[in-house]
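Based on the hints, put chain B in the right spot on chain A.
Protein chains in written order, with our numbering: chain A, 1 to 267; chain B, 268 to 548.
In short, the hints are calculated from the structure, not lab data. Any given hint might turn out to be false.
[Claimed, not checked] A few chain A residues facing chain B, derived, Cβ under 10 Å:
no., residue
1, F13
2, L22
3, M26
4, Y28
5, A31
6, Y53
7, R55
8, T190
9, P195
10, G234
11, F238
Quantities reported herein were computed from a predicted structural model and do not represent experimental measurements. Glycine residues also receive a C-beta, built at the ideal position from the N, C-alpha and C atoms.
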Amino acid sequence: MSIIKNCVRTLRFIGAYLVANLQAAMEYRAAFVAQVITMIANDSLWLFFWWTYFRQFPLVHGWQSTNIVVIWAVAACGFGIGMAVFGNTPRLAALIMNGGLDAYLGMPRNVLLHVCITASDPSAWGDIMFAVGAFLLILHPDPLHFALFLLLAFQAALIFAAFLVIFGSLAFFLGNTEGLAQQMLGALTTFSTYPMNIFTGVVRLLLFTVVPAGFVSFVPLQLLQRFSWPLLAGMTGFTLLFVAVAVGMFQLGLKRYESGNLLGMQN
Amino acid sequence: MDTTIWRPGRGAWRKVSLSLQKYGAVMRVSIANNLAYVMEVFFRALLLVVLVFILSQLWRATFSSRGATVLSGFSINDMVWYLVAAETIAMSLPALTRRIDQEVRSGQLAYLLGRPSSYIFYNFAQYLGERLVRLTINAVVGSILALIVVGLPHFTWMGILAWPLVTFLALCIDFVAYFSIGLLAFWTEETASFALIFSRLTLVLGGVLAPLEIFPEPLRSIAQALPFSTILYGPSRTLVHFELDRFVLLLWQQLITLAVGGLILLAVYRVAIRRVNINGG
Chain A
1 MSIIKNCVRT LRFIGAYLVA NLQAAMEYRA AFVAQVITMI ANDSLWLFFW WTYFRQFPLV
61 HGWQSTNIVV IWAVAACGFG IGMAVFGNTP RLAALIMNGG LDAYLGMPRN VLLHVCITAS
121 DPSAWGDIMF AVGAFLLILH PDPLHFALFL LLAFQAALIF AAFLVIFGSL AFFLGNTEGL
181 AQQMLGALTT FSTYPMNIFT GVVRLLLFTV VPAGFVSFVP LQLLQRFSWP LLAGMTGFTL
241 LFVAVAVGMF QLGLKRYESG NLLGMQN
Chain B
268 MDTTIWRPGR GAWRKVSLSL QKYGAVMRVS IANNLAYVME VFFRALLLVV LVFILSQLWR
328 ATFSSRGATV LSGFSINDMV WYLVAAETIA MSLPALTRRI DQEVRSGQLA YLLGRPSSYI
388 FYNFAQYLGE RLVRLTINAV VGSILALIVV GLPHFTWMGI LAWPLVTFLA LCIDFVAYFS
448 IGLLAFWTEE TASFALIFSR LTLVLGGVLA PLEIFPEPLR SIAQALPFST ILYGPSRTLV
508 HFELDRFVLL LWQQLITLAV GGLILLAVYR VAIRRVNING G
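Chain A extracted, bound-state conformation (with noise of 0.2 Å):
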């Protein structure tokens, strides 16, 4: 009872900081509507270009033009809900090297949680509504596809952040790995958006691993097209070690944590 008492707090806490943050997005109206306006006319253009592409070449091994919407629309709605929810993962590494965590650790709530939703990234919103916008418009798929594909977003979305907050961590072993979290991120979401047929070897088994682009696009799309228990078993299985192992590394580099001696309030 107490778990299930727990996780609606936790829910609330969330959703209160998803409010709190799309509220002070709001207060500059017209830069967030062009924000969002644009990350979807930039998702599109993209799609549109790679629907082109493939409709003109298609691939072998069972391939259809339709799966590039699918990877497309399963990659920005896992991408937005992890930048919308836990907007402030890309910047842990700076937190941690200019003492910013401080703010935090005096909270009663769970320090890593309360970091990764402190802020959110309006353009994110962008992401989301394109990729419903594409699976429910091209796609048209029954309630329940629809209901699987969100569940699939969302655990792409706890991919999304623990993949930060790993990278983000390592900042306290190794020093400033900001720059080092971006490019991951940028590989992470580049490898996401293409066909994992044309990988083997060992690059395949990275896309599985440490880069767990395979997991954001490559199973969803298997799951949407031919549904089966212990597939849905093992996405969600990842997806839980992977949030443990990002928690793990955060926990564990927290006690090497120096503070700052910065004065400041968290903002």
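Quick look at chain B alone, frame taken from chain A:
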């Protein structure tokens, strides 16, 4: 007693020469500044490795699935070297719009306007220095990767000689566009969205992922006629597949784009400068 005879032609030439020296010095300082953080630039180039690797795998799969050795006039070797050339230019773009935007919003612009130099040319020299460092490192990293993946390129000497000129003009077109977008900070809450859209149009319609020949008609002709193709597709194709008539056409297209863009930039700058308020204190 020295008698100075005023010669209009010589005076103008001397003025141009002094200006070139001045902005040349700004560019050298910018190059030195960027070389001081050369590891960071190398770090950025790693993403180029990822992109070129993925795209080369994609093209390999495409060639093998069609059982072809040449697609739209490009072999796999041409295609990978084209990608390296295009990504080298695309990924060398510095955050010019953000800098101009911040200078306008913070009021830093007012201090820079007081200097004995043109604000536009000062920024151009600084931009060029930064971009040349990034371009060179990207070219080195990309070339090593292409050599490993597909071996030596089949460039012609004319293509190699023409590439620096058309690439320089492409960098100038980029400057004119992103500088103008940065100046929009005088009127809009944020300019990053405009810069992102211009950048994406340049990448997608400018042929960063593949030569424009792969597009079906009429999209191909439209993309080739648009100014975005003069930034990435034109220079990269010139290097990989040099053709004299296409090169001359590209030069004209670049010069016209630059002239029109330059006029727009000057018009925006003139109107924007009138909105600057300088207060003492």
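Going down the list of hints, with the structure as the test:
no. : hint : result
1   : F13  : 30 Å, violated
2   : L22  : 17 Å, violated
3   : M26  : 12 Å, violated
4   : Y28  : 6 Å, holds
5   : A31  : 4 Å, holds
6   : Y53  : 7 Å, holds
7   : R55  : 8 Å, holds
8   : T190 : 6 Å, holds
9   : P195 : 8 Å, holds
10  : G234 : 24 Å, violated
11  : F238 : 22 Å, violated
Hints 1, 2, 3, 10, 11 from the list above are not met by this structure, while the remaining hints are.
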